[in-house]
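There are 2 protein chains.
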Amino acid sequence: MCELLAMSANVPTDIVFSFTGLVQRGGVTGPHVDGWGITFYEGKGSRTFKDAIQSSQSHVAKLIQSYPIKSEVVVSHIRQANRGCVSLENTHPFTRELWGRYWTYAHNGQLSDYQQKFVVSRYQPVGDTDSELAFCWILEQVVMKFGETEPGDLMAVYRFIAKLAEEIRELGIFNMILSDGDHLMNFCSNNLCYITRKAPFGKAKLIDTDVVIDFDKETTPNDVVTVIATRPLTDNEEWHILKPGEWKLFRQGCLLLEG
Amino acid sequence: MCELLAMSANVPTDIVFSFTGLVQRGGVTGPHVDGWGITFYEGKGSRTFKDAIQSSQSHVAKLIQSYPIKSEVVVSHIRQANRGCVSLENTHPFTRELWGRYWTYAHNGQLSDYQQKFVVSRYQPVGDTDSELAFCWILEQVVMKFGETEPGDLMAVYRFIAKLAEEIRELGIFNMILSDGDHLMNFCSNNLCYITRKAPFGKAKLIDTDVVIDFDKETTPNDVVTVIATRPLTDNEEWHILKPGEWKLFRQGCLLLEG
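Chains as they are written, first to last, in UniProt numbering: chain A, 1 to 259; chain B, 1 to 259.
Think of the hints as simulated: they come from the structure by calculation, not from any bench.
Do not rely on the hints blindly, as some may be mistaken.
Which copy is meant is left open, because identical chains are indistinguishable; a pair holds if it fits in one copy or across any two.
Calculated lysine-lysine pairs in the DSBU-like style (CA-CA distance at most 35 Å, straight line) [stated by the list, open to error]:
#1 Lys205 / Lys243
#2 Lys70 / Lys243
#3 Lys243 / Lys217
From a predicted model like this one, the values you see are computed outputs, not experimental measurements.
Please model the complete structure; the sequences and the hints are all you need to start from.
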């Protein structure tokens with residue numbers, strides 16, 4: 001299995017604190033040693049840092065912890081391989097362009113007997129994971145339903161994607177993070193939680209390493225920041241645990257749609 | 001205008017030496033201060049490091065110079081903006097997936113009156129540069145001609161792309177680097193050169209900063225490494241200067257096709 005981390009915020013915010021906790025699960029407090037990746041959106045642009053080695057040993061992960069990149073949407077993943085070998089092409093998050101937006105996706109879980117369902121041609125996987133193939137299939141279904149021009153109502157698109165995710169959940173475990181750079185969606189199969197931090201801000205203490213942050217000193221009163229993770233990253237705050245089949249859509253830190 | 005750098009090698013090779021020269025042109029010996037990017041292929045996978053700030057000041061560029069990533073294909077670009085504002089989404093290289101491969105592209109030059117020609121729908125630009133739009137148009141034309149399944153003969157695809165590049169050259173300056181992760185193509189409009197290094201290896205001295213390398217100590221006798229750049233990066237070696245309209249296709253450091 002793997003660990004997911006994502007963020008949606010209404011001001012460019014760095015994710016160094018949460019990422020520092022996540023990285024520990026890549027070889028220190030967790031067994032996820034088969035690569036890691038993190039995508040930062042900055043405006044419509046995005047950049048992804050990846051390594052096919054464990055995050056706790058990665059030079060690139062050290063850069064991310066020491067160089068705070070401010071972003072409104074972040075998607076991150078650390079991997080413990082099940083389907084597909086350990087390689088860069090199998091390392092999440094995966095990105096594809098649709099409607100002039102970069103869509104970024106990461107998956108926690110494992111699927112079975114999926115080859116027959118996931119027939120793709122417009123979007124094809126580069127690696128050989130069930131995860132990337134499922135992502136390609138989702139985008140292909142979206143294009144088949146909505147066409148090559150972005151519809152006025154992206155909410156209809158996300159409702160459709162939630163239905164697809166529900167279909168995929170029948171094939172195994174499918175905890176998913178998906179973003180178009182503006183919206184951030186999560187879909188829960190069995191392990192997904194989130195927290196929305198806003199004023200009054202307090203202190204937070206990581207579970208996986210001995211780090212405490214006082215968000216009151218790092219934020220302004222108008223900041224709204226939602227963090228999503230497979231398991232809570234802090235032990236002195238209340239995380240919302242999602243139920244199987246539940247999903248949430250966030251924009252600028254705020255809940256926009258759910259099902 | 002901008003500066004291009006690319007590499008094709010028959011063994012995973014780091015590009016630290018050449019990149020160190022290129023980075024100087026991003027604010028020290030050259031005026032290209034509007035961002036930079038570099039894509040490394042490792043197997044079928046790829047990762048791109050980018051910044052919308054000048055390379056000579058970038059933390060991420062410092063990482064690339066201190067952490068040798070070994071790769072068989074590299075595409076890099078430093079930007080002096082003409083079309084499109086300074087932002088991450090306008091920073092080269094650009095990547096799209098086709099036929100289960102990541103295609104990576106960078107452009108030096110400027111085009112005019114291109115909007116009518118570059119009609120796209122399957123691949124859409126995220127930013128607002130002429131460069132990214134031209135890339136989307138090339139891939140769209142390739143799909144229209146060859147379909148959604150990779151043809152057995154990729155050489156026919158590259159010959160077709162060379163024809164498209166020749167059409168684009170009529171709209172202005174179009175020096176291009178393109179790779180599918182296995183092959184590396186360059187197309188020259190007015191500024192492009194390359195060098196193929198193989199045994200017996202010698203010393204090379206950068207033009208832009210006081211660095212000398214002895215490739216004999218860094219390589220094995222079977223290594224073949226081709227480096228492409230807008231302008232020569234070393235002053236004690238003989239670079240091949242391409243003529244307007246000329247193009248070359250390399251694989252594993254060796255010339256495969258030209259026109």
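Here is how each hint holds up against the structure:
1. Only within a single protomer do Lys205 and Lys243 lie at most 35 Å apart by alpha-carbon distance; the minimum there is 25 Å, versus 61 Å between protomers.
2. For the homomeric pair Lys70 and Lys243, the shortest alpha-carbon distance inside one copy (31 Å) is at most 35 Å, but the shortest distance between copies (43 Å) is not.
3. When the C-alpha separation of Lys243 and Lys217 is checked against a cutoff of 35 Å, the pair qualifies only within one copy, where the shortest distance is 33 Å, while the shortest distance between copies is 59 Å.
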